[in-house]
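Residue strings, one per chain:
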Amino acid sequence: MANHDHALELEKAGANITGRLSSLAFLARRYPLGAIGGVIMVVFLLTAACAGLTGLDPFTTDARSSLARPGGEHLLGADFMGRDVLARIVFGARISLAVAVGATVLGCFFGVVIGLSSGFFGGWFDLLVQRLIDIMQSLPLLVMALVMAASLGPSLQNTIIAIAIPLVPSVARVIRSNALSLREMPYVEAARAVGMSEVRIAVTHVLPNTLAPLIVLGTAQLGSAILVESALSFLGLGVPEPHPSWGRMLSESAAEYVRSAPWLVIFPGVAISAVVFGTNLLGDAIRDVLDPRQRQ
Amino acid sequence: MTERVLEVDELQTVFYTRAGLVKAVDGVSFSLSRGETLAIVGESGCGKSVTALSLMRLIADPPGRIVGGSVRLAGADLVKLDEAAMRKIRGNRIAMIFQEPMTSLNPVMTIGRQISEALILHQEMSRNAALERTIRMLDVVGIPEPEQRAKEFPHQLSGGMRQRAMIAMALACNPEVLIADEPTSALDVTIQAQILEVIAKLRREFGTAVILITHDLGIVAETAERVIVMYAGRKVEEGSVVRVFADPQHPYTRGLINSIPRLGLIRNRADESSRRLQEIPGMVPALSNLPPGCTFAPRCTLASEICRREVPPFEEKIPGVFAACWHAGKVAAVANA
Amino acid sequence: MGTYLVRRSLLMVLTLFGISVLIFVMLRLVPGNITDIIFDSAGFVNERQKKKIERELGLDQPIITQYGRWIAGLAKGDLGYAYVSEKPAIDEILPRIPVTAKLAALALFFSILFGVPLGVISAVRQDTTLDYVLRIISLSGLSLPSFWLGLLILMAFVHWTGWIPIYQSSPGNLWKEIALLSIPAAAVGFRSSALVMRLTRSSMLEVLRQDYIRTARAKGASDTSVNYDHALRNAVLPVVTIIGIEAAFLIGGLIVTETVFNIPGVARFLVEAIRWRDYPIVQNLVMFIAVVVVVVNFLVDMTYAVLDPRIRYEG
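Chains A, B and C are the protein sequences, given in the same order.
So for the first sequence, this note's numbering puts the first residue at 5; every next one is plus one.
So for the second sequence, this note's numbering puts the first residue at 925; every next one is plus one.
So for the third sequence, this note's numbering puts the first residue at 206; every next one is plus one.
Keep in mind that the hints were calculated from the coordinates and are not lab data.
Any given hint could be a false lead.
What the hints assert, rightly or not - Now the in silico label distances, taken between C-beta atoms and shown as ranges: (1) B:E1071 to C:R515: 18 to 28 Å; (2) C:A280 to A:R73: 57 to 67 Å; (3) A:Q161 to C:T333: 40 to 50 Å; (4) A:A194 to C:T334: 44 to 54 Å.
None of these values were measured; they are calculated from a predicted model.
Glycine included, every Cβ here is placed at the ideal spot set by N, Cα and C.
Okay, chain A solo, but in the shape it has when bound:
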């Protein structure tokens, strides 16, 4: 049994890897799809962050360039008002990022607070919360967001709130069931025996252990938020003028330009799909890495 027989298999299994960078490289090789997702997300973040530095202008209208084909001055073409498509996509990244991150963070924050207290402390509060979660989850995300957006009125902040609120029950449900199982853990019993207050136990012992599922959930919610925002804006009930929104770019161009200006339909959609694809890839990979059952 020569040792070189094992070397190949060991390398595949990732034995004897030390150092952060090589660990990262190993993870990237082991989960190539996740690595691609990570790259997409980084590109998205950079685009959103550095939009202002590019010198592109998404707002100026220019009647001469109306419906210009891609190429030359307008790399990805121009819309009916002569606004540059590339510029609107780059700046649209900012809006998508703002709405998605805003809604996800807001939704996750309240979801964690509610789910953790409900699962950990139990009692009548838990029963009430459970009913509320069931009720709110009976309505599809888009429908709830639609109704909220309609009732609140169109604005950037309202869009964020309209998307955040339906996200809360999904997060609360997951965190709650997590808290329920963690509540029975021996180290929680031990902390109680030492005399720690319930709240302190919840925050210092239970909360860190809900981080893993929260991260996975968060990335999934991020993707959902982007899709819902684009759907809302497409229907005219989301982000209003003058903010450039990928979803609204599609509605403005809808059926009328399908024949005459396909670039107006293709590029914004590609942008949305690519970013959501990235969050999904990354989320999946993170879930695979963190899943305790994968590690034998």
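Given the coordinates of chain A, assemble chains B and C onto it according to the supplied hints.
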């Protein structure tokens, strides 16, 4: 009676993990005679279950692999068979029962169907013939109202009955070898005795050779004729149960026997040490990082220079008992001092 | 089984009540009502006219009374009046339901037809190239906005055939209708298939990890037998539940797809009603959607209880 059914020679199974190469089974050899009960004992992680799964070629690849040795069942080497041929042997000529009867039985299939499956598969019986034999098997293992039970689902039976059903399933095709991997560990003590009795009875009736994997020395004393003690993937002692228990040659074996709590201890000349429960200090080493020399040396009270430097050979220490220890002879002396 | 049924039914009724309250509250979050909007667009406010309209529409009553009247009306089948068309709401909603129902059924059919087998194959051949390809396809299905997919399909149609598949009203012939509806159904169904495929895959993988699969192998069962006789039988159970989750998912897709393809269904009507601030319609439609989702989930739970012997034969 001394006809050999199974011959295992230098079996080696490894796992490729992030922690490195894990030699779960590192050169294990033994033979099994017709109708004999061989027990394999050791702490968790010593490799006894992996040995059993290797015999059945049920090691998942990746991350594991059988990399050396042979397993001869009536002459044919199971390690070299292709998967299709191996499938004809599993459940047919070698069978296995597992520790957890609840999770080891398919919850959405009736008991009768699960047992009949083996018969239909290997003996090409018709559904009806298989069902008849299934009911007879359920009766043999001591399940009351077998016709009714055959139509029921696993969750409708008690733990003891499920394990009996598993035994019926394993022995349905009358295999030459039955491997029982911790068959009673998940059961109550009273049920344990019943299950062991069922296995013993079937062994007598069908002449099946049994490999009993357990960490419970009490069971070994009651049911097995020969015993192998494993540690860190290797054999450390082997011999007849009577002789090994009476005069264990390896310090690990002695340690295991001493850590059994016994009611009404037999006092050896009012010796304090034989009354106190002795534990074996330390922990089983990580299989990816074994020490050179004797793997038990870090935890052994008799360890000396040679133990840490060189792996002791596995040889006959007293008639009929083999052990791998540089100080085998001295074990008895120290304890009786 | 009997008690389970009763318990679930009670829960369902309770949930529906809760949903009605939620919907009612959601639509009245912001102060002001339809009359403000009517007068907003008119440009001036005539206080007497406003009060008159408010009284007609029952908007001057306390909130609880308004809610009570709505619920009482629902029970009787009276959904109130649409603001815009001034016809009974039920006359607007009912005729639009069949199209949406057919579209939904087609989409569901597609999603199961493709989703389940592909999910099983993906799980059985875990980590092979085929699995990766299928996973990427399903992920992209989940990443594409379904309205964009609809737009792309329209574009493709226009490009290759020169005409747009228009569905104005039922063409009479069932097959023609199905053919016409298949196109938007494909747009909606793609996303649903992706979801079903992913969930089937993970359910199957979960089952394949179980001890009883090892037992089946130890008996000498072939891979096919293990995967289909043993594993799939167990994996199917959660898939039934998946259909319940899918129902909610599907509705979102229907809303945008009906808008893109201009299908006169109930989902598009919701959007129109929202735009026109026709709150009675919105309220009733959303309630209708909620009822559908809850009933579907209830039926799914019942089916699950029947299929799973652990629940059917309670010990």
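Results for each hint:
no.: 1; hint: B:E1071 to C:R515: 18 to 28 Å; result: 22 Å, holds
no.: 2; hint: C:A280 to A:R73: 57 to 67 Å; result: 59 Å, holds
no.: 3; hint: A:Q161 to C:T333: 40 to 50 Å; result: 47 Å, holds
no.: 4; hint: A:A194 to C:T334: 44 to 54 Å; result: 48 Å, holds
Against the hints set out earlier in the document, no violation occurs for any number.
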